[in-house]
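*Asks:* Each chain, written out:
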Amino acid sequence: TQLLEQSPQFLSIQEGENLTVYCNSSSVFSSLQWYRQEPGEGPVLLVTVVTGGEVKKLKRLTFQFGDARKDSSLHITAAQPGDTGLYLCAGKNYKLSFGAGTTVTVRA
Amino acid sequence: GAGVSQTPSNKVTEKGKYVELRCDPISGHTALYWYRQSLGQGPEFLIYFQGTGAADDSGLPNDRFFAVRPEGSVSTLKIQRTERGDSAVYLCASSPQTSGGSGEQFFGPGTRLTVL
Chain A
1 TQLLEQSPQF
11 LSIQEGENLT
21 VYCNSSSVFS
31 SLQWYRQEPG
41 EGPVLLVTVV
51 TGGEVKKLKR
61 LTFQFGDARK
71 DSSLHITAAQ
81 PGDTGLYLCA
91 GKNYKLSFGA
101 GTTVTVRA
Chain B
1 GAGVSQTPSN
11 KVTEKGKYVE
21 LRCDPISGHT
31 ALYWYRQSLG
41 QGPEFLIYFQ
51 GTGAADDSGL
61 PNDRFFAVRP
71 EGSVSTLKIQ
81 RTERGDSAVY
91 LCASSPQTSG
101 GSGEQFFGPG
111 TRLTVL
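Chains as they are written, first to last, in our numbering: chain A, 1 to 108; chain B, 1 to 116.
Okay, chain A solo, but in the shape it has when bound (with noise of 0.2 Å):
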């Protein structure tokens, strides 16, 4: 049983679109983390989050972190091809629980 559940499970959509995913944890962690991973590799980790009401960018990619530390979102800007994968978010207590995933695919 994963303790974070994101959705959607899939989204596909255009390049130049916007796109929201979602995680939400029945717990609270010392920090959350999203990771992409690409088929035949590891994840990779994009950004820690920490604070409650944190929010973080990374380029095109906006990380919010919700005031009760349980809920973030990843929001990508202008989507490319180049970010298709597989989107996790995970509770950090030194060992990792992930969620299951979204599967972005940007078509070109």
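Careful, some of the hints might be misleading.
[Unchecked claim] If you only want the chain A side, here are some residues facing chain B, beta carbon under 10 Å, derived:
| no. | residue |
| --- | --- |
| 1 | Gln6 |
| 2 | Glu41 |
| 3 | Val44 |
| 4 | Leu96 |
Since the hints were made in silico from the structure, they are not lab data.
Ideal Cβ placement from N, Cα and C applies to all residues, glycine included.
Given the structure of chain A, go ahead and fit chain B onto it with the hints provided.
*Replies:* Just chain B, lined up with the frame of chain A:
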């Protein structure tokens, strides 16, 4: 520098056989983690090593699974009497942390295990 490497990249075995999966962490990383990722799921924690000792093995599903890290570097995940349900991608990650769990985990590409 070199990242985390895992061998083999793919392993096909028959039900009931024994398999070993190897992880070479980033040099100098004291913490090492094993995760298992089933199709359509996120990775699930199996075991965590700090140096040579298993600090947390609560994620190992049963006693058929065992992992070692005898010299505090390379780790081997061992699965006895494999079952079809063991089929998954086994991921290894290492971290430069010494304690407290704050270090970033760097993942290897995984070993895809298929049990026929």
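*Asks:* Hint by hint, note whether the structure agrees.
*Replies:* Going down the list of hints, with the structure as the test:
{"no.": "1", "hint": "Gln6", "verdict": "8 Å, holds"}
{"no.": "2", "hint": "Glu41", "verdict": "5 Å, holds"}
{"no.": "3", "hint": "Val44", "verdict": "7 Å, holds"}
{"no.": "4", "hint": "Leu96", "verdict": "7 Å, holds"}
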